[in-house]
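The primary structure of each chain is shown beneath.
Number of protein chains: 2
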Amino acid sequence: MVIEAISPELDGGQIPIKRTLRERVVVEADVFGDGHDQVACALLWRATAKGEWQRAPMRPLVNDRWRGSFSVTSLGLYQYTIEGWVDHFRTWRADLRKRVDAGQDVDVELRAGAELVAAAAERAAGPGPGAGADPAATEGGSAAAAQLRRAALLLASAGTPAGERIAAALDEALSTLMAAHPDLRDASRYGRELAVTVDRELARFSAWYELFPRSTSGVAGRHGTFADVEKMLPYVGGMGFDILYMPPIHPIGRTFRKGPNNSLDPRPEDPGSPWAIGNETGGHTAIHPELGTPAQFRHLVKVARERKLEIALDIAFQASPDHPWVTEHPSWFKHRPDGAIRYAENPPKKYQDIYPFDFESEDWRGLWEGLKGVFEHWAGEGVRVFRVDNPHTKPFGFWAWLIPELRRQWPELIFLAEAFTRPKVMYRLAKLGFTQSYTYFAWRNLKWELEEYFTELTRTNLVDYFRPSLWPNTPDILTEPLQQGTRATFIARLVLAGTLGASYGVYGPAFELMEHLPREHGGEEYLASEKYEIRAWDLARADSLAPLLARLNRIRRENPALQHNRSLQFHRIDNDRLIAYSKRSVGGVPVEPALSPEAAAARRDEMKASGGRGAAPATRRPEPDNLVLVVVNLDREATHSGWLDLPLQELGLDPSRPYELHDLLADAHYTWNGHWNYVELNPHLLPAHVFRVEQQR
Amino acid sequence: MVIEAISPELDGGQIPIKRTLRERVVVEADVFGDGHDQVACALLWRATAKGEWQRAPMRPLVNDRWRGSFSVTSLGLYQYTIEGWVDHFRTWRADLRKRVDAGQDVDVELRAGAELVAAAAERAAGPGPGAGADPAATEGGSAAAAQLRRAALLLASAGTPAGERIAAALDEALSTLMAAHPDLRDASRYGRELAVTVDRELARFSAWYELFPRSTSGVAGRHGTFADVEKMLPYVGGMGFDILYMPPIHPIGRTFRKGPNNSLDPRPEDPGSPWAIGNETGGHTAIHPELGTPAQFRHLVKVARERKLEIALDIAFQASPDHPWVTEHPSWFKHRPDGAIRYAENPPKKYQDIYPFDFESEDWRGLWEGLKGVFEHWAGEGVRVFRVDNPHTKPFGFWAWLIPELRRQWPELIFLAEAFTRPKVMYRLAKLGFTQSYTYFAWRNLKWELEEYFTELTRTNLVDYFRPSLWPNTPDILTEPLQQGTRATFIARLVLAGTLGASYGVYGPAFELMEHLPREHGGEEYLASEKYEIRAWDLARADSLAPLLARLNRIRRENPALQHNRSLQFHRIDNDRLIAYSKRSVGGVPVEPALSPEAAAARRDEMKASGGRGAAPATRRPEPDNLVLVVVNLDREATHSGWLDLPLQELGLDPSRPYELHDLLADAHYTWNGHWNYVELNPHLLPAHVFRVEQQR
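Residue numbers (my numbering), protein chains in the order written: chain A, 62 to 758; chain B, 62 to 758.
FYI, nobody ran anything at the bench for these hints, they're computed from the structure. Honestly, I wouldn't trust all of these hints.
Which copy is meant is left open, so a pair is good if it fits within one copy or across any two.
Said to hold, decoys possible - Straight-line Cα separation of at most 25 Å, BS3-like style, residue types lysine-lysine; simulated pairs:
(1) K411 / K159
(2) K410 / K395
(3) K410 / K159
(4) K363 / K433
The structure presented is a predicted model; accordingly, all values stated were derived computationally and were not measured.
Pulled out of the complex, with its shape left as it was, chain A reads as follows (with noise of 0.2 Å):
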């Protein structure tokens, strides 16, 4: 019996795949044997924690292929794998219908078939010993051990008539049971157990905010509070976010502090860096004195919590020169010749208020354990979702270590990667655990790269484990688009993160606010950064953008299909400034785009070379439960307008009849016919449609 190509599967079984709660994992796998025996398979699965292997059952497409399907119902690490027998009865039944076909004598077949029956009696009656033992076998099992021996004494029965026989022999029911009562003792198993990591819905769907807790005084020089923020709250949480998510919260680093705009020769007033941790007041588990106590942190989380607001932290595992581990744990760090502690570089770049870990130094394991201790003290807070920076930056070999380590006692921790690198190493740290990753999304402006990113995103495996978290803007990501300062960059780019990612955030209130100066041309940082001074915004400015990002969380949050990245596909529109693209959900489920034309001839040429053996894939169901399309004008200035092709079939609609566009962002009305229709966005208006289409039944 062979198993092989099983999908998914990740590194050969190495790497768990990533669902969230309540979805299936659908499992295909190849799986024949020699000779021309009939086989039969089943997808088992477990739950780590409780152990059982249960059994789904697993049905043929074409060509060898066989899919089955479990859904993950608890939090933590399940695992799957594939079992293969031959089907002696489905063989028999099948030899046993060609022969009554050609008129033949076939007493002496239904006897051997009465044999195979009995057997499958014996096993449904009780469990047995060992390998054999019938997984159907319940209190239910002895009904059907009665009706099997009933059809074996009748098929074995040399007195009735052999129309008789042959009528209970190719019976449905005793198909039916026979299948649920199959003969596992030559079973082979896959080779591997294949493991899932299963976090909450939020890992998969969500919106971000950012924001800077020192900036929320309202009063140009005051130091923000977490009272502050709490008075924050209803304006975050009316936008809709579900995740707000705070730079640092720790004491601020004295020595070699940055003043604005980066500046080397600070005033004593101004505030430093937030990744510049530590000081005498503390370091990772500390809170900068001026934001508050840690009763007042709790209190955040909790009246947060009851607004359906996550708080989330900034882990940054870097030093300050004043923080307390320096003195605490001088081998935490590297030291130089003079022994003086290396501070971080980047050559020919040096930070001389950043002193990084040294996480091969002898006490390692010290090191290794305190920066765990640091999850696990905001943990303790009840902060469950964490952005991490810049984790590219520490060893992999960490992370495997950590993140399982965190997520045994705590399965609902959520981790962002802040990790903007070369893209095999953002994979590997999606790979070792990390729950979101950062993407290129704010570099990814023209059609092409847009439509080549996201599909290497959502159509290879990287949709089995690379969680893309889209942001148009960061506190050091002020792309040049943005630098414009055009309302429609904003809109799209808005429009863009929170429809082609199911995940994505905002830096505000400068991404409402439409914060665009750059501190330096061709550089994409912002002037007068908060990142080194505490500004004070007007949330109330009549052109924000905040009622616009309430309206695309609410459509978000209306539209499942916007849950998902897997149904993401993009339509052909003949103008190269128009790009779209749709998501599909049919309970709740994304539908995944139909095979490349490619795919769908080589499995249209398989099913010829296997003289169509093998049931059809399930068709699907006809009208569509959600479908959105999405048209966005990429360009700032000019009105656009192309012809857009949809393959309406492949999305549920049937083209001989009209249907119906609900243009969610501008609350406007169309009918469309056919698959060719026209579209035209003017940038100054709203540079984007997005649309739930339907039609009546």
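Using the hints provided, position chain B relative to the given structure of chain A.
Quick look at chain B alone, frame taken from chain A:
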């Protein structure tokens, strides 16, 4: 250090890839580490018989992908794997350059570099102990050691002007020397050793000619002999074939012998089917007396080899009821309840003249050894090429055991799998060790069918283990298009077989004499099939395709591009009845088609994402060494024309200059300009062009 996504690697390294003598094995992998240290890696390889790992450098492509290669120069198994390590010197050198460019003082850095260089000098000087041993430490090592020592002294020399020390540090020669003496103490080895099966060239590039030896007397009704076959060698060799393959040559059973056209009532003089193996004169190691003696067989093998023709035998593991094993080893067969041996069945069909072996009998070891003995016997008689009948009806485990066992003694053996079954079973047999495989070619007649099937065979990892053998006909397969008996169809199918496939075969003389009458409408059996009767063929017939076969085989020998499948690329031509494709090699090495537009775009995307890190892929030689372009008219009646679109640059042609086409079939010459050109084919003249394409330098 992460080493992953190795290519080629089949089934997680469980299955060897296949190559032939003197081919290069090109290996790619993703190799990267955490942090910003630069990495280096090497391809390790060895002929397993020798055991010593050799090292080949790998060079970076883009996006953390590395490539290296080695040549295989002996038959049997090779292994390869990859080793990666942090290249401290290259990391140091890159940082130094940045510091120098920024005008920083680098005295400390130069002294650190001197230590790295001094350590390399130690490694170069002589073999150290254990894993740190320098792979390049040979007699030549001492010169390198001296050079490195001098460089280390200069770098460390405080008295020397900084500029001089810096120049020495950044010197390319020093880099090369350092790369040759890497510090491998902390090198990571990829977790698996991957295997290559190395066959002789005939495994990859071969033309087979099948004939029934009993039909070679040239006289109707007179049984041919090996001596008659010898007389045909000039004919077969003259057409340029490499392999002369004969159906089973063993004594033929008498019980339930089949008459002409598979009839059940033979006359006493009917010869029976050669696949009903065995009678009182012997079984699988005996020779049918009317064909000749063992000595005459050995003589045939010898004189054939003198003409560069190899004799291939058909190994069909089944027995007639008269086979000696039926009485000697009754336990090797399945038995019915009444004790009689069970004949072959494919319900509702019964084959009473054939007893299958029971591979799972009590005495399966005895049977398996006995069957192995059959191959050993014929290998002992000088046979090195076997066509294996219906391998898919025997257990996978049998072949997985048998083929490596036999190849250990005779690594030059070639096994052609005659498994016309489901694709995955065919592919599995190739994975188990079959050297070549019959394909669905005979049933791929439309343009889209051919393009899809051969794209699957050449553009997926099948190209690394499944060697297709293309047969327009066999004694079992007279396809419907051939049944029309049209000369154009025979020629078109021949040209397709011999140019789409580096290996192909015909069943002759039926093929060149365009034998085309079926036994019955809707079937694929020949009327008056040689399977059941002796035929006499008029080889001198004026309309014979023999001259064309000779021409095609000469074209194949003279054009290395046709001796591989890896470079196959289909081209656009705006007529569905015309199919166009090319193969290309440079210096005998196949040039794989450029990446698909999607893959090319993805690579462009990756390059940007990685900030252009890594060297660009190697540029190709601008001039094609051997480029063969084939156009075939698939319509047997009508002349068809079309505009052909060639990707000139990809094919190594300068689009700005004309290029010459020599039609090697028709011996006609053309000059084309640009990428669009007109083609017209009249099937009544010749239904195909086989162009050699060249451009003046």
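Checklist entry - Quick check: which numbered hints come out false for this structure? => result Violated: none.
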